Amino acid sequence: MASLKALKLRIGSVKSTQKITKAMKMVAAAKLRRAQEAAMAGRPYAERLERVMASLAAKVTISESSPRLLAGTGKDQVHLIVVATSERGLAGAFNSNIVRAARRKAEELSGAGKTVKFYLAGKKGRPIIRRFHGPQIIADRDMSGIKHVAFSDAQGVAEDIIARFEAGEFDVAHLFFAKFQSALVQDPTGIQIIPVPLPEGAETKSASGAIVEYEPDEESILADLLPRNVAIQLFRAMLENAASEQGSRMTAMDNATRNAGDMINRLTIQYNRTRQAAITTELVEIISGAEAL
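Last residue of the sequence shown: number 296 in the working numbering, and the count goes up by one each step with no gaps.
No lab work stands behind these hints: they were computed from the structure.
Label pairs and their calculated CB-CB ranges:
| # | residue 1 | residue 2 | range |
| --- | --- | --- | --- |
| 1 | 76 | 162 | 17 to 27 Å |
| 2 | 52 | 137 | 30 to 40 Å |
| 3 | 30 | 286 | 44 to 54 Å |
| 4 | 25 | 285 | 31 to 41 Å |
| 5 | 268 | 52 | 48 to 58 Å |
| 6 | 7 | 41 | 44 to 54 Å |
| 7 | 258 | 190 | 16 to 26 Å |
Only a predicted model underlies this, so the values are computations on that prediction, with no experimental measurement involved. Here a beta-carbon is modelled for each residue, glycine too, at the ideal position from N, C-alpha and C.
Construct the entire structure; sequences and hints are all you get.
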């Protein structure tokens, strides 16, 4: 049985931990509102642009002169999985859920005979990916300097990915992140960003005969929209991740605070019982000594 001093020290230690987790919960709750507003504000534009690009992919005649970001390389052998995670931990299962979804996709592609490569954006996804897919990592982007997500941050990552695509390092790119639903729910989500995916049930122009007219012209519009679409989807993922991270951290710290409170109660009961047992033992010894006299 632990001594009274050891129990007292442990109770003090758990109380200190409880103060830290409570403070972290309050900080995460304060950051969550702004991150949630930014994520919600970025959704309509990103989703609408995604639908526009999918519509173009379904209606434009694909030829050798078509932009590669729209038409692809003509192959489906090498897949790049972009894993967007956070730079900080203590956020529950937020990062592990994203990595698990990415690994599940990688195993599915590998099972189909495809070559899989990883592009990491955020350090919390590194340990597991390196352990199981170390040789397949082609880039490990450092995002530690980002305090508030900006479009320029996503644009830098997008330019690097597009440059690698143009260099022929991969044929298809998938992006994995956590879509914010609430402080309790963050859904691991995977989308294809290169080439522009066709909407389900859609047919190309060669089959449907649809005609699209461009103003000023097709090449200049697509040359601007296609790289922007990749950057916007990455920016959206970063905003969703920022909100999901704070929501998950708030929930995790709330649970930790509650668990610390329960542990303090149990340790206090144990301390009181041990103290009472010690007092009873001393009283028995005093009475026994008095009777002996």
